[in-house]
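Participant: For any residue, its number in the working numbering is found by taking its place in the sequence shown, counting from 1, and adding 61.
Derived by calculation from the structure, the hints in this document are not laboratory data.
Glycine is no exception: its CB is placed at the ideal position from the N, C-alpha and C atoms.
Heads up, a few of these hints could be off.
[Claimed, not checked] Simulated pairs of lysine-lysine, DSSO-like, Cα-Cα distance not exceeding 27 Å:
(1) Lys98 - Lys194
(2) Lys140 - Lys187
(3) Lys215 - Lys194
(4) Lys140 - Lys172
(5) Lys140 - Lys125
(6) Lys194 - Lys172
(7) Lys125 - Lys98
(8) Lys187 - Lys98
(9) Lys187 - Lys172
(10) Lys194 - Lys165
(11) Lys194 - Lys140
(12) Lys187 - Lys165
[Stated by the list, open to error] What follows is a set of in silico ranges between Cβ atoms, one per label pair, in the way DEER data are often shown:
(13) Ala239 - Met110: 44 to 50 Å
(14) Tyr218 - Thr158: 54 to 60 Å
(15) Arg195 - Glu173: 20 to 26 Å
(16) Arg174 - Ala207: 19 to 25 Å
(17) Gln79 - Arg169: 37 to 43 Å
(18) Asp244 - Ala80: 34 to 40 Å
(19) Asp162 - Val84: 32 to 38 Å
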Amino acid sequence: MSTLPRPNPAAATSVDEQAELAVADVIGRLMHFWGFKRPMGRVWSILYMSEEPLTAADLGEQLKMSAGAISMALSELEKWGAVERTWVPGDRRDFFTAEPDIWKLVRRVMKERELGLVRDFTRNLKRADEHMKRMQTSLESCAHDAEAAQQYAKLQYKRARLSQLCSLSETGENLLAALVDGDAINPGVLIKTSLPLNTETKA
């Protein structure tokens with residue numbers, strides 16, 4: 062009868078650390094894709110998977126990152142509320158823990174970044190439409206002129222396109238606002254914005 066090999070705690074720890082580093086790299090790439098720095102994702106991942114608070118030195122040793130890089134990543138993560146600074150009784154060093162509510166982090170980023178961008182996009186589209194509307198109004202007195210009539214028609218077409226973009230932007234704004242507020246999302250609004258473009262825009 063064969064004898065099973067005895068467990069090797071050191072080997073198990075090594076495999077465990079390798080798995081954590083692999084997860085940290087994946088989340089780091091995801092964070093980079095989302096517009097953040099990759100080290101932020103790697104640092105947050107290690108803290109998220111740790112049962113105990115960790116120091117900057119602990120993170121640097123595990124991730125093989127410099128003290129400066131760890132400090133910068135932690136500073137950025139604190140600004141976003143992704144990590145929290147804490148203390149351990151009897152130890153004068155700073156310790157860090159990760160915010161465990163991932164959805165809370167996503168909602169905060171959407172509120173402070175994506176939602177603001179979409180709202181600014183909508184405002185600029187409406188300003189452009191107002192400008193074209195004023196140009197159309199100035200051309201109405203020259204309706205008998207063939208060139209003016211042609212310009213008016215071109216503006217009408219462009220405003221119809223802008224109207225479609227505004228509708229899409231406002232839908233995106235409403236969806237993001239609902240996500241940020243934790244409200245229910247009605248997918249039916251997406252159907253409305255996918256309807257064929259109507260070139261009949263009111264002046």
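Participant: Need the list of violated hint numbers for this structure, in ascending order.
Facilitator: 1, 2, 6, 8, 10, 11, 12, 13, 15, 16, 17 and 19
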